[in-house]
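Visitor: Protein sequence lines, in the order shown, are assigned to chains A and B.
Residue numbering for the first sequence follows this note's numbering, starting at 1 and increasing by one per position.
Residue numbering for the second sequence follows this note's numbering, starting at 1 and increasing by one per position.
Any given hint might turn out to be false.
Chain copies aren't distinguished; within one or between two, either way the pair holds.
[What the hints assert, rightly or not] Result set (DSBU-like, lysine-lysine): computed pairs, CA atoms no more than 35 Å apart in a straight line:
#1 Lys137 <-> Lys234
#2 Lys122 <-> Lys159
#3 Lys231 <-> Lys137
#4 Lys159 <-> Lys274
#5 Lys274 <-> Lys61
#6 Lys19 <-> Lys380
#7 Lys202 <-> Lys274
#8 Lys137 <-> Lys122
#9 Lys231 <-> Lys162
#10 Lys264 <-> Lys380
#11 Lys264 <-> Lys274
#12 Lys19 <-> Lys264
#13 Lys132 <-> Lys380
#14 Lys380 <-> Lys159
#15 Lys274 <-> Lys162
#16 Lys132 <-> Lys159
To be clear, the hints were calculated from the coordinates, so they are not data collected in a lab.
The model shown is predicted, which means the values in this text are computed figures rather than measured ones.
Protein chains: 2
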Amino acid sequence: MSVTAAEGFVAEGLHAGIKRRRYDMALLATADGMPVRAAAVFTQNKFVAPPVVASRNRLQKNGGQAVAVIVNSGNANAGTGAAGMADAEAMCAATAEALGCDARDVLVCSTGIIGTPLPIEKILEATPKLAKKLSPKGARHAAMGILTTDSIPKEACVKGSKFTLGGMAKGCGMLAPNMATMLAFLTTDADIDQADMQRLLKDAVDRSFNTLNVDGATSTNDTVILLASGKRGKPDLAEFADALHRVCEELTLLMARDAEGMTKLVRLRVTGAKSDAEARQAAKTIAENNLVKCSWHGGDPYWGRLLAAAGSSGADMDTDLATVSYGGICVSRAGAPLEHDSEAVAEHMDGEEIDIEVALGAGSGEAQVIGVDLGPGYIKENSRTS
Amino acid sequence: MSVTAAEGFVAEGLHAGIKRRRYDMALLATADGMPVRAAAVFTQNKFVAPPVVASRNRLQKNGGQAVAVIVNSGNANAGTGAAGMADAEAMCAATAEALGCDARDVLVCSTGIIGTPLPIEKILEATPKLAKKLSPKGARHAAMGILTTDSIPKEACVKGSKFTLGGMAKGCGMLAPNMATMLAFLTTDADIDQADMQRLLKDAVDRSFNTLNVDGATSTNDTVILLASGKRGKPDLAEFADALHRVCEELTLLMARDAEGMTKLVRLRVTGAKSDAEARQAAKTIAENNLVKCSWHGGDPYWGRLLAAAGSSGADMDTDLATVSYGGICVSRAGAPLEHDSEAVAEHMDGEEIDIEVALGAGSGEAQVIGVDLGPGYIKENSRTS
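Using the sequences and the accompanying hints, generate a full structural model.
Guide: Here it is in structure tokens:
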């Protein structure tokens with residue numbers, strides 16, 4: 001019931017025929033068809049897909065409100081030019097007509113292959129069917145309808161003292177890259193100012209989805225949307241912020257574990273940086289480095305590669321103080337090997353989740369990213385579109 | 001005779017026992033044991049290896065001169081701390097003793113695995129043997145002695161109207177990454193000011209080696225050294241600059257074609273950027289993107305990925321004007337597919353060398369990088385050190 005766990009929301013998913021067999025559309029809406037407050041975070045990519053433009057424009061113009069979000073998977077409606085823009089608008093219009101609301105209050109997301117026209121007729125035909133079947137019980141179907149190469153639906157929910165917050169997600173950054181895009185939809189029955197929603201959502205996204213680094217690319221369609229029905233009154237803001245972060249984090253880990261071809265999930269912490277920003281920079285550079293990712297694939301504690309990657313990141317480091325630890329066991333200090341229990345390290349590296357700390361010795365800045373290994377599965381998935 | 005093609009230089013290579021069988025040391029020196037002018041470009045990585053520190057310090061202190069360069073392969077002497085620094089100094093001292101010159105005029109380079117102490121005894125034992133065998137005929141042996149995972153020695157030579165310029169190289173950036181590092185050694189008999197040498201070398205490196213992007217990482221040991229004996233007098237500077245660029249470019253292409261696991265070499269040109277710097281930024285981002293690299297491996301003209309990567313680079317682009325061409329055939333315009341001869345594109349993509357132009361439509365800035373595909377061979381090579 002993730003995305004309909006909070007009071008005031010209904011959802012549904014179905015197979016419209018964009019993909020061969022699997023569900024490929026989802027609709028999330030308010031139960032009463034009235035607008036609620038909405039906040040969103042969109043991709044920073046400049047080659048942005050028409051549905052992102054359509055949704056962003058709406059929230060800018062209507063001050064941050066929405067009745068519904070219509071989503072299709074299997075085709076990202078990206079690299080589709082003016083025709084793609086018209087298709088995104090048509091999806092909003094069809095949804096508004098089915099729900100009896102204003103098309104300016106319908107947000108739209110697409111995810112899937114880039115550069116191929118949307119099969120818009122199939123989508124417009126399926127939209128009224130979706131609207132008719134909307135219910136609080138449709139959350140799982142909706143979570144299935146937004147998936148692309150994901151192997152499982154991704155849902156999470158936190159119950160606060162005076163509110164519920166739930167959500168669903170798919171893919172991640174360029175996690176399942178043939179199908180591009182990370183999408184997440186969150187709902188709550190808390191009553192929050194739109195400005196607070198936007199601020200807290202941005203912060204939660206930065207500390208969760210944005211710490212996940214599968215291959216360093218931001219997609220043309222990445223979108224996170226939060227809707228708040230307000231049915232259960234004002235929450236404690238700190239409690240709400242914490243719940244939002246927890247839901248986003250849970251969805252992030254579900255994505256990471258479902259990354260195409262991945263066999264290892266790595267929690268990489270960079271400490272001792274000159275600033276948190278430099279720590280983030282170093283962590284990102286390390287987690288994106290193909291040599292490092294290959295060494296994770298092989299379960300190889302090749303600390304020299306981590307320091308070499310950190311050294312190329314632009315972040316300050318003091319080679320004489322830098323250390324590298326795997327599973328809490330320090331294997332290198334002062335830029336040289338350190339005596340350590342190599343069997344314990346090997347055992348840790350054999351696991352599915354690896355903890356690494358790279359301490360730069362240049363200050364007290366810290367950051368964490370979640371990375372994955374680079375193995376043959378990734379290449380197999382991504383070397384041909386068809 | 002590449003590195004000894006110019007008058008006044010001798011070289012030799014041998015097997016010292018660092019690697020199991022292959023040559024693993026090289027020595028390049030002036031024929032008369034007297035110092036000549038030297039210029040160098042070193043890695044920008046902050047986690048820099050002791051031999052780089054030793055060589056950089058020498059050139060800073062002696063105003064840019066050298067009698068010899070001693071090189072070992074199989075071990076990068078990186079991530080080795082104070083002991084590694086002492087080993088680098090010991091290599092210079094042993095070479096100076098064997099040649100009867102000042103140790104401050106001996107440069108040193110190492111390439112190979114990171115984080116393992118140098119087998120310094122073997123190196124010091126082999127150094128006098130190397131010195132004894134030095135001759136103009138030793139160039140090929142020297143070119144073999146600097147290799148790591150390279151499959152062939154890399155040599156190039158240009159004869160100018162009044163000078164000769166030759167060189168040898170190995171690896172590239174993180175091309176053959178278990179062994180890290182790109183090294184190149186160039187010699188000429190032209191008589192050039194040290195300041196001109198340094199300026200022209202930097203420029204040639206920027207336009208050749210630095211345009212090659214295998215996996216985006218700079219190594220702990222990357223070094224390019226140019227020695228000038230001055231035996232044949234002052235050259236035309238423009239002619240010399242051109243020769244220097246040509247030798248560097250030839251060595252760059254030899255490296256690219258020998259990249260571990262690569263099956264496609266891609267000349268990627270970014271045009272229509274707001275500035276050359278933004279073009280370089282976009283080209284680098286595209287060439288490092290794993291999704292793009294996988295599509296090259298599969299010979300898939302998936303132009304959407306190139307634009308998505310460009311869009312995430314930070315470079316300005318006008319989606320309505322941007323185009324993508326494979327082998328001179330434009331396949332996308334205005335962010336949408338364009339009618340084209342898809343058989344001709346498929347044929348071009350099947351070749352070993354692919355030409356791609358991404359035009360951003362934002363100005364007149366241009367840049368070119370040489371990239372390679374990402375295939376299973378790369379992962380196989382890099383998932384275990386041992």
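Visitor: Evaluate each hint against the coordinates.
Guide: Now for the hints, and whether the structure bears them out:
1. Lys137 <-> Lys234: Intra 26 Å, inter 84 Å, cutoff 35 Å: intra-copy only.
2. Lys122 <-> Lys159: Neither: 37 Å inside a chain and 67 Å across chains, both beyond 35 Å.
3. Lys231 <-> Lys137: Result: close within a single copy only, 19 Å intra versus 86 Å inter.
4. Lys159 <-> Lys274: Answer is neither; intra-copy 38 Å and inter-copy 50 Å both fail.
5. Lys274 <-> Lys61: Result: close only across copies, 30 Å inter versus 40 Å intra.
6. Lys19 <-> Lys380: Both: 20 Å inside a copy, 34 Å across copies.
7. Lys202 <-> Lys274: both (24 Å within a copy, 30 Å between copies)
8. Lys137 <-> Lys122: Only inside one copy: Lys137 and Lys122 sit 24 Å apart there, 73 Å across copies, limit 35 Å.
9. Lys231 <-> Lys162: Within one copy only: 10 Å inside, 86 Å across.
10. Lys264 <-> Lys380: For Lys264 and Lys380, both the intra-copy (17 Å) and inter-copy (16 Å) Cα distances are at most 35 Å.
11. Lys264 <-> Lys274: Classified as within: same-chain Cα gap 29 Å, cross-chain 40 Å, threshold 35 Å.
12. Lys19 <-> Lys264: both (29 Å within a copy, 32 Å between copies)
13. Lys132 <-> Lys380: neither (40 Å within a copy, 52 Å between copies)
14. Lys380 <-> Lys159: Intra 40 Å, inter 46 Å, cutoff 35 Å: neither.
15. Lys274 <-> Lys162: Answer is neither; intra-copy 40 Å and inter-copy 52 Å both fail.
16. Lys132 <-> Lys159: Within one copy only: 28 Å inside a chain, 79 Å across chains, cut-off 35 Å.
The earlier numbered hints that this structure contradicts are 2, 4, 13, 14, 15.
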